[in-house]
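Participant: Given chain D, put chain X in place with the hints provided.
Going down the list, the protein sequences come from chains D and X. Everything in the first sequence is counted per the numbering used here, starting at 130 for the first residue and increasing by one. Everything in the second sequence is counted per the numbering used here, starting at 130 for the first residue and increasing by one.
Hint data in this document are derived by calculation from the structure and do not stem from the laboratory. This list has only true hints and no planted wrong ones.
You can't tell identical chains apart in this list, so a pair holds if it fits in one copy or across any two.
Quick list of in silico lysine to aspartate or glutamate cross-link-like pairs, EDC-like style, CA-CA up to 20 Å:
no., residue 1, residue 2
1, 379, 462
2, 379, 238
3, 379, 465
4, 379, 260
5, 379, 261
6, 149, 333
7, 143, 169
8, 312, 233
9, 397, 230
10, 143, 170
11, 379, 309
12, 379, 254
13, 372, 309
14, 312, 238
Just so we're clear, the structure is a prediction, and the values are computed from it rather than from any experiment.
Number of protein chains: 2
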Amino acid sequence: MKLASINNGTRDGKLVLVSKDLAYYTDASFLAPTLQAALDDWARIAPHLQALATSLDHGAVPTIRFHEHEALSPLPRAYQWADGSAYVNHVELVRKARSAEMPESFWTDPLMYQGGSDSFLSPRDPIRMADEAYGIDMEGEVAVIVDDVPMGATIDEARDAIRLLMLVNDVSLRGLIPAELGKGFGFFQSKPSSAFSPVAVTPDELGDAWDGGKVHLPLSVDLNGKPFGRANAGIDMTFDFPKLIAHAAKTRPLSAGAIIGSGTVSNKLDGGPGKSVDEGGAGYSCIAEVRMIETINSGTPQTPFMRFGDIVRIEMRDSHGHSIFGAIEQKVEKYEH
Amino acid sequence: MKLASINNGTRDGKLVLVSKDLAYYTDASFLAPTLQAALDDWARIAPHLQALATSLDHGAVPTIRFHEHEALSPLPRAYQWADGSAYVNHVELVRKARSAEMPESFWTDPLMYQGGSDSFLSPRDPIRMADEAYGIDMEGEVAVIVDDVPMGATIDEARDAIRLLMLVNDVSLRGLIPAELGKGFGFFQSKPSSAFSPVAVTPDELGDAWDGGKVHLPLSVDLNGKPFGRANAGIDMTFDFPKLIAHAAKTRPLSAGAIIGSGTVSNKLDGGPGKSVDEGGAGYSCIAEVRMIETINSGTPQTPFMRFGDIVRIEMRDSHGHSIFGAIEQKVEKYEH
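Next up, chain D with everything else stripped away, as it sits in the complex (with noise of 0.2 Å):
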């Protein structure tokens, strides 16, 4: 199945079914209204689910045209939203850059920061920010929407509690990062609101591109319309989702419709930095990695943070060339309040 959340005026949207084509939708708010709802009481709602995607498929049910960006975030508020880490590489080359040991304690523990969940752009929303300076950056990851997890969830109730995936835009303001977590406490500020794709899907969308733990695709990242990150999502995974879930879980209950992303996706080139996608290399996720490999070659960083006016754009095509999600495309602007 794949879910979205139309734009209908409300805070949450209208629940909708697309083909698997993402050429058309038909209303699946008779069912629940909104995707929270189906999450909600998931267990007596996605077979119903289910029969309508069925009549979809068969065009046996009233369809309307599919745009993207009349979609908003598949939840467009959720009640939680906390992002691993888990492409390990990318740590080790923010740490390499600034020259500081990574512990090794960080192959076997995730890391993981707690988002703010309660104003998600819609996916093709700009980013607005006041000023350039603070750094503004995308981080292209792949995100599981789960349902209800115990608190001390075992890896296996981890990976049985997986209902959907979607991508994520994490954006991130580089330039306000040292300060904020200088201060101890994480990030706040210097993480504004994320972007999702317009379309959820369940894992079983994703075929033999999923294993239960990882996504085995490449995420596609351009930025201002040239190939910036074709890194696959399923390579250089140290933790996967369901550990992921696990470490979130470890000292409280997860609720239904609790979002854990994977962190930037990234990859290692023969045990190392990776090279841009323009040199053959699988490129970057997000513009801080460029910045510290050419920090660690030549000693300081040459790729600007995005400015006003910059495009970035993220989504996943499977193994045939079609987009799984839907695209991302957000463009940065000026901020006026």
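Facilitator: Then chain X, alone, in the frame of chain D:
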């Protein structure tokens, strides 16, 4: 107005209006089914709630006995929970106990962490934890619930967005904090589910004790039936609520229903660390603080963190001795998965 969410078996409870003396309630769910629904459309719904509150005061509507143990947290799950650390005295003590300098900027730039908001405890729920060695501690705090706040809100806009106040027990796992903060991404496992007071109140319910920014009343924190803290929430609060809200909204908007906490209420004594209630002082709103004072005075902490069976009670009384928000009362119990 005093509002509560009665446990009716749903995830968000049923919205009710509670009498000023907390003795009775009347169903308000015909106006908005849940507190979040009321907050989503506050400008339209609040006047109707106000009219119902007047009828409740006059005995003109059916009432049911209000039992605090039947109340969920006013928002049993929320889209945003951001907790400040506005009593910088508390932060200074933390640093002093580990002989670390506190940066001067801590007096001008609020500390705030992003909390998880999908699984709040009810005010009388036990605090269930797998292991006493986590270092289970309470943190008695005041919190506000806001309406929509635009990104970059001014202090005045922030003040005008405050809709409700309540108390919090921001449960903390002291044993997990050093390792987690050492990883650099802030709190996650060390901040399990918080609990809020049975009732949330509009600012006018506080009368002169609310000055638009702070609550000028002592916060009662009792541990195992003995007075532990009586710190005045209006004293030594370096950053008032409008400042905390504006800080939270610097790079993103806040959505209606967002909860902003004060951090552990803490009073100095003659410019230095406080004294216990026994010794005539204002005491402490968390165990960590007395342990820090013990460390500063004698080199090692003496007071243990909470153990299975321990009970914390957090309440605030008006100048006539009447409970304003009802009491958070939680027993620590062993969690078995």
